[in-house]
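Trainee: Listed below, chain by chain, are the residues.
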Amino acid sequence: MERREVAAWVAVGLIVIGLPSAVLGYQHWLRLAAAEQRVIDIQAYAPERGGFAPDAIRVAVNEPVTLRFAAMDVTHGVALGPGLGVDLGHIDPGKVKEISLTFDRPGTYTYYCNTWCGPDHWRMRGTIQVIDPANPDLLPAAQPDPVIAALIAEGVDIDAQHDAGRKHGDAPALIIERPPSAQRGATLFGSVTIPPEVSDPAWRRSHPPAHVLELLRQTNRQAPQADLIDVVAYLWTTDTAPETLAAAESLYNKNCAACHGQTGGGDGPAAGTTAEKPVAFADAAYLFERRSDVLYAKIRRGGMGTDMPNFGTLFTPEETWALVEYLWTLPVSALPEPR
Amino acid sequence: MLNEGRFDLLARAPLLKRMLQARAFQPALMLATLAVFTLAILTGLAGTPAGSRNFGIIFVWIVWWALLIVVLVPFFGRFWCTVCPVPAPGEWLQRRAIVQRGPARPWTRGLRWSRRLKNMWLQNLGFLGVAVFSTIILTRPNVSALVLLGFLLAGVVLSALYKNRVFCRYVCPVGGFIGLYSLLSPVELRVADPDVCADHKTKDCITGNEAGYGCPWMVFPGNLTRNVYCGLCFECLKTCPKNNIVLNLRPFGSDLMVAKERRLDEAYKAFIMLGCALLYSVVLLGPWGWLKGWANMESLPHWGLYALGFVAFNLALLPGFFWLAVWGARRMTPARQPMRRLFVDYAYTLIPLGLAAWIAFSVGFVLVNGSYALSVLSDPFGWGWNLFGTADAAWTPLGATLIPFLQVGILTAGLLLALNTAYKIARQHHAHHRPAFLAALPVSGFALITTLGFLRLYLG
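So the protein sequences, as listed, match chains A and B.
Numbers 20 to 358, taken from this note's numbering, label the letters of the first sequence in order.
Numbers 13 to 472, taken from this note's numbering, label the letters of the second sequence in order.
Worth flagging that the hints you see were computed from the coordinates, not collected in a lab.
Heads up, a few of these hints could be off.
Just a few of them, taken from the derived set where beta-carbon distance is under 7 Å, the chain A residues facing chain B [claimed, not checked]:
1) 21
2) 29
3) 30
Backbone N, C-alpha and C fix where the C-beta goes; we use that ideal spot for every residue, glycine too.
With the hints as extra help, turn the sequences into a complete structure.
Mentor: Here is the structure:
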């Protein structure tokens, strides 16, 4: 056989067998074996097509690991929580983003999609179990959330139909004719008698603004109701630092706005897909009858039968409280100057 | 007279002749395209399902398609068939050789291809079959890869069963339209003197000799008057002991006037190609989202309706309207030829129009989506690679303002060539200018209305 004939057959072999073997061998074995640290490839499909693959991974404490997320079908966003502060942003189809990190204590974390990617977007989550190599089967038990535990102890039914027995959309018990102005409330604050307990932020978290409005009415009988509403709005929007609110706004936009709407109108692009119409936080009359701690519990635990997912495995309690504080700003027309 | 007004490239460029005569010429090019083809299949099966980031989709349906329809077919005829990797494995197994001249007896069952299938009908149906699934094939890398793999396997199987390139000649849906549109190309392989071939006893170009194989396309170069079935493999250039093969440059569209070999299957190929270009433009560029949904198989019953409509339009509706135009021509200026003959002859008017339509259609999406090629070159699988530093190249649509002008120019050129062809065909049936002019009018009207339809779709 001529030399060039041999060369041609070798070329065919290299193309038909060598090329696939080299490419697949590199991608699925050599690349991983040669990496300085463990690399975990995670493919992101829309939840209707399976979500994350794999959707559960285990890493060891203090083990440097690289997570590579590839969007396989539509644009996804990937964030890791709670408390990791990792947000990879958008990943377009066919693109890959990666993060290298080291977990310093055992626990359970979540990687999740934070870009609306389909009707079941909120189901798109995966779990990272960080284990102690010395006790690989021993993961820290999930601690009950003290706020939720207190609500249960108090007998508050978190899943009650938006308490007061009134469904969202029914005529509100409280009539608020114009959006409350917290800025105006700040100027009126000094001229209004405030019951001592109302000044306590912790007390306010467990009482709805409507209740405080009633207290203010009793102690300020001459004041117009609109003024008192503005003062209440001021009280409920003045405790959080602007940068915390900004971070909460980002969390809200990525995780809540798809259903609840970017301005809290309950009219996000996915609003029509949920079992129950999403709450409109921008509706002051509705929101003024809510308690912060119940909102907190609802965010962390989710809402039974409403398609409201749980975010307790994604956000820290601090992030959740910040999110609640942000919700109070949605029905308010003008915020006060930061204190 | 044969070769009159032609420019013989081989006589003027001896180096080109030596290159084409070299046994390694075709296999070297095929190996290069086979590598790209293998990568396209591999990326389709193992790479990202996102079509815009998958080498298999971008390089096959944008880069290759643009190269084929905008450059190779109009200017080089069947040159793609010279380098096409699809029949290569089958042919190499059949010959038990790649470069050198293999054993005299090919490694095949040597079955006889049915006489009934010695035409373009299988290619017509194959193209229609691919076309009704095209929105799926063109966007889903795994489906696209399976189709390419299917072509490859069909080539191997047919090579094992039959001698020569039965797959290319009678089955390949792509080869069918390349052959038809190569009638227009300015390149042709012919013989210098047909009498030399007629007098030549051994007919080495058919039987083969130690220098090369008998024509794998089952064509006798001595009778070659059109490009349709010559695959430009250049085996005859290697085997001809009389130095009688020429490679000519010639005016565009010369083969359209070769009347004696016009056939109904080729006429239907012209209808199918024009019809598919029109329907693709309607589905992909038109404002009817629901139609896109039907074509994308969002629901099977709707896709069934779409497929039925697609096939009916190509096989019945478009030829039906054309039949009416030809009937009108016959009524206006009675011709001696039967209606079927006129129908087939005038259908060749649609060849330049169809090719122009495909170029205009392709220019639009190729310029808009061509920039994806940079990105997938560096990251062919969508695995996060960056081989050449271009993986993050942004999608940049090119020539957005220029595209409509290009499309108008291309379609106008196609229409003018079609009108010219219609008149020339009419002159083959009518000795004098006036009846020929009148006879060409209905067909020209058909071509004009079709062109206006394309312009309406492209210009909005």
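Trainee: Each of the hints needs a verdict: does it hold here or not?
Mentor: Each hint, compared with the structure:
Given the 7 Å rule on beta carbons, the hint for residue 21 of chain A holds: about 5 Å separates it from the nearest Cβ of chain B. With a cut of 7 Å, the hint placing residue 29 of chain A at the interface with chain B is violated, because the nearest CB-to-CB distance is about 10 Å. Proximity of residue 30 of chain A to chain B holds as hinted, the smallest CB-CB distance being about 5 Å (cut-off 7 Å).
When held up to the earlier numbered hints, the structure conflicts with hint 2 and nothing else.
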